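Asks: The chain contents come next:
There are 2 protein chains.
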Amino acid sequence: MPIYNAPLEDMRFILNDVFKVEDFWKSTEDLSFLDIATADAILEEMAKFSKNVLLPINRSGDEEGARIEDGQVYTPKGFKEAFKQYAEGGWMSLAGDPEYGGQGMPKMLTMMSEEMLMATNQSFTLYPNLTNGACLAINAYGSDEQKAMYLPRFYSGEWAGTMCLTEPHAGTDLGIIRTKAVPNDDGSYAISGTKIFITGGDHDLTDNIVHLVLAKTPDAPAGTRGISMFIVPKFMHDDEGNVGERNGAGPGSIEHKMGIKASATCVMNFDNAKGWLIGPENKGLNAMFVMMNYERLTMGLQGLGGSETAYQNAAAYALDRLQGRASSGVTSPEKEADPILHHPDVRRMLLNAKSHNEAARCFAVYVAKFLDTAKFSSDEAAVKEAHDRVALLTPVAKGFLTDMALDACIDSQQVFGGHGYVREWGMEQLVRDTRIAQIYEGTNGIQALDLVGRKIVKNGGAFLTPYLEEIKTFAGGMSAENAFMKDALLDAVSTIEDTTNQLMALVKDNIDEINASCVDYMHAFGLMSYAYMFAMMVEAAQEQSGDFYSAKPKLAEFFVKRRLPELKARAAMALAGADTLMDMSDEYFAQAL
Amino acid sequence: MPIYNAPLEDMRFILNDVFKVEDFWKSTEDLSFLDIATADAILEEMAKFSKNVLLPINRSGDEEGARIEDGQVYTPKGFKEAFKQYAEGGWMSLAGDPEYGGQGMPKMLTMMSEEMLMATNQSFTLYPNLTNGACLAINAYGSDEQKAMYLPRFYSGEWAGTMCLTEPHAGTDLGIIRTKAVPNDDGSYAISGTKIFITGGDHDLTDNIVHLVLAKTPDAPAGTRGISMFIVPKFMHDDEGNVGERNGAGPGSIEHKMGIKASATCVMNFDNAKGWLIGPENKGLNAMFVMMNYERLTMGLQGLGGSETAYQNAAAYALDRLQGRASSGVTSPEKEADPILHHPDVRRMLLNAKSHNEAARCFAVYVAKFLDTAKFSSDEAAVKEAHDRVALLTPVAKGFLTDMALDACIDSQQVFGGHGYVREWGMEQLVRDTRIAQIYEGTNGIQALDLVGRKIVKNGGAFLTPYLEEIKTFAGGMSAENAFMKDALLDAVSTIEDTTNQLMALVKDNIDEINASCVDYMHAFGLMSYAYMFAMMVEAAQEQSGDFYSAKPKLAEFFVKRRLPELKARAAMALAGADTLMDMSDEYFAQAL
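Chains as they are written, first to last, in this note's numbering: chain A, 16 to 608; chain B, 16 to 608.
Just so you know, these hints were derived from the structure itself, not from any lab. Keep in mind the model is a prediction, meaning the values are calculated, not measured. The reader is advised that the hints may include incorrect statements.
Copies of the same chain look alike in the list, so a pair counts if it fits in one copy or across any two.
As the list claims (entries may be wrong) - Calculated cross-link-like contacts (lysine to any residue; reagent style SDA-like; alpha-carbon spacing at most 25 Å): (1) Lys350 with Glu602; (2) Lys583 with Ala498; (3) Lys298 with Asn20; (4) Lys473 with Ala341; (5) Lys569 with Asn223.
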């Protein structure tokens, strides 16, 4: 069974040394209740819970999977008990609105908890995660009555939530959904239609499940402007929240998937199910995006959780496994072979994973700080800046982090040789589970399109320019000892500036250039952002002493010399021109059929 | 269920137009019996067999898996019948030695058959594949009696073979194996030990299974110079091949794996099993490498088979799936959305896969031509050159092709969005199955080490230089219409030359530089080789007319502009220096434990 030890030292380093989080909290009224000691206690508790409760049921959950019987989904052995402990530990309410019984913790802290959850049990974590999403949507768009009814029950873990978007013919393209919502006389709606890929669409963890369903009212405009959101409970309930008869909403089947097998992915049938409008009619997508910006960072953390556990296990294996002799001389003469950690290529794979993990965690905190500023700050200018930065970086936090995470998982699996392919070791599950994070919540191609199209080209760089200026200013103030990092960072920024300018010019002539360039551009942009994170980390480490800190510039140098060269290659690919993609006919792709 | 249509037009293009295979066959005495029409008939038959017999049992085989009961392994439903058809169709003997009933077909042709087999059912294909390996080893090192006993029975499909190398503590490092072979009075040996990861170690497809087992005799020298190879049958047999009682060799258990689940991966227990030496004592690894050079190309073909099927299905899905509107204008106004094929990024993913498939197939034929020259030619200089080239390119054919293949499978899966993650569509199985090809038969890290260490640095470029000269000569003769390809190719060769020279200098000071650079170097080298393949393909296409041929330069241009930029990045990483890997202490990697 895989090991996991929460990287608390790294988490503290980023929160305290890199981002001086207590200063930020103390200067923000709604977060001033929080101090390092409290934050630390929360991290310590989650480190224990994730390791002791979730990790032990991760592989058994994968082997057993979720199952459906007579229209009811059952989670694997141990999940119900773990969820009970999770709820009783107060974890469901960690980020919740204090007005309704939540603890009001900032994302900078809850993201650390999310990383640990994802690191130990991705399937389990999706159940509370989807409820978190429903909380955000209801909190943002629900009436006072709706908030009072649902939020406390979500926070206590009595009830759970889902997000029902996708339909068989409508995934990325929600404008063409067909689920109908017909008004009833009592102010409710009759919801009918089929939704697919509904994570936690049904399960046995809670007394009730509340579905947030996108549907179209009878006279709704076509496309995305005619989508409304409805609250559709699994069991009807009265005004006191007493659960009654079953509503016409339930799972038809569950998907058999590559991974996250303990997470029930449901086909949901709505058959004149009773539902209530949440938020204004035809504005359902707005509510959805409130939730999504927050959740997309969580998907990045899913990747990070997977790759952190993958790295830890690969490092442990590389220390333990004896095979061959180190090329520069025997290192374990008393044994019949040396640890494979002493082979340079094994280290390369490990450091690939580790450099991603450290940069990704730092980047997630960086984005979380803007999320928290946007949510908690009373400084209008800061809130505006934070909103813009979140908008710019969210697709990167989801798309780039999860692409890098899969690579890290594959590299870590490779360290195990044949043992990495065998289920018993758990490495292949990490690859299978983590793979989904590149696909759902908007595929990574869609994230990249969002980045280049909506967040950069559409506003002429209004979000991008301040980010690049901030990086240049930071680089300008770096210490002489970190000159290698400063030079690499400035070179990266300069490449992104040039590439962006050239790309904007190309787009003027051909709108296809946006989608043609976006994934490669996102990778170049992500690598530059990782370089910025390493720059911040080496500067913060500079002020401390000890092995932990003195290793930071070494990993940064690894990143600069062995990962960052990809940036220029990606930039070249991004500027390759859409013609290289669009010149082939449809028949060309139909050749094999 | 996934579709598959053998890419016969592409196969013919490469064989006939690019490599003028009939000229080669006619000029080689042992192959002069072969003509295009015969070759074509073989390809057509395999296209049918693989599609009609193997593809239908691929997913069911994955779902059911191989199983073990009372020391006997059973293959999934349909495998036994398929193997019978396979054997009756003469496929087992296709490449076999005519002296013992084989058909003596060259690798240039049998590799096409292997691609189709791997494309439709990787698990199934491993059973005959391991037998092929055993055939090669016995043919090269067996006595006349051993050849006469085993080869005809392998070729007919009555018996099967295995290769038993790995032990729990000894994978890459075979020098430390512990399996013992103690001489009996009758000239046989008593073999005792445990082998793991034995593909097809047991199954129900044949009447007998003949294991080729690496073991150490009592006074054998330590390390790889003390390893001998033994023939150990599952059932004892008399001189007429009549099968008798069970030998002390059998499966203890089978592994539960990420993929190739229908292929039984056995733990094999040898308990005073009766075995016979094959080849000279202590020279067992030589026999193993005879087999491996041939088989490593087959592993590259496993990757290609997986990525070809992945591409075909992704292309079909992209033509069919309607989602969103093309950014440059609606293309299917009569429908509610446009095919996702009209989104540039979807094409990018498809062309990533397709450019790999076409280049990989061409490269495999290129290598196979040298394998055939080495085996069949009577021209001593040509044979010598061919051996050198095979030695140089085999690790690339295995390591680079399978790395690229996994990327192609992942890109193709990504085209499906959420549907790619669902088992029903079969895309995730292609990812899981194809993943093993990067791991077994020597991990890709070991392939890269072989390339840089043994095949380039050790001989000071003696194998490399003629290859690069050949490429430069070819580029020099390219037509003006293909100037873009010529320039890109010459630039790639020049980068490889510079990188190799710099690397050799680095190695002089630090032997670790070989292993530190090798994977990135292999990728740079592989990309240059793909560029050479595209150069040959566009030149050959130039001489023909029609859509099929006029599309070749378009794909080549895609490759040059959107894949080849990675070459320089990889070259930079290869030259990053071993210090970036070796500077961290063991404790650094133990941090998380």
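Asks: Are the CA atoms of Lys473 and Ala341 at most 25 Å apart within a copy, between copies, both, or neither?
Replies: Result: close only across copies, 17 Å inter versus 54 Å intra.
Asks: Between Lys569 and Asn223, at a C-alpha cutoff of 25 Å, which is it: within one copy, between copies, both, or neither?
Replies: Classified as neither: same-chain Cα gap 51 Å, cross-chain 56 Å, threshold 25 Å.
Asks: When no copy is specified for Lys298 and Asn20, does a C-alpha distance of 25 Å or less occur within a copy, between copies, both, or neither?
Replies: For Lys298 and Asn20, the Cα distance exceeds 25 Å both inside one copy (43 Å) and across copies (46 Å).
Asks: Is it within a copy, between copies, both, or neither that the alpha carbon of Lys583 lies no farther than 25 Å from that of Ala498?
Replies: For Lys583 and Ala498, the Cα distance is within 25 Å both inside one copy (20 Å) and across copies (24 Å).
Asks: I want to check one pair: Lys350 and Glu602. Are their C-alpha atoms no more than 25 Å apart within a copy, between two copies, both, or neither?
Replies: The answer is between: 19 Å across copies meets 25 Å, while 61 Å in one copy does not.
Going through the hint list in order, the structure does not satisfy hints 3, 5.
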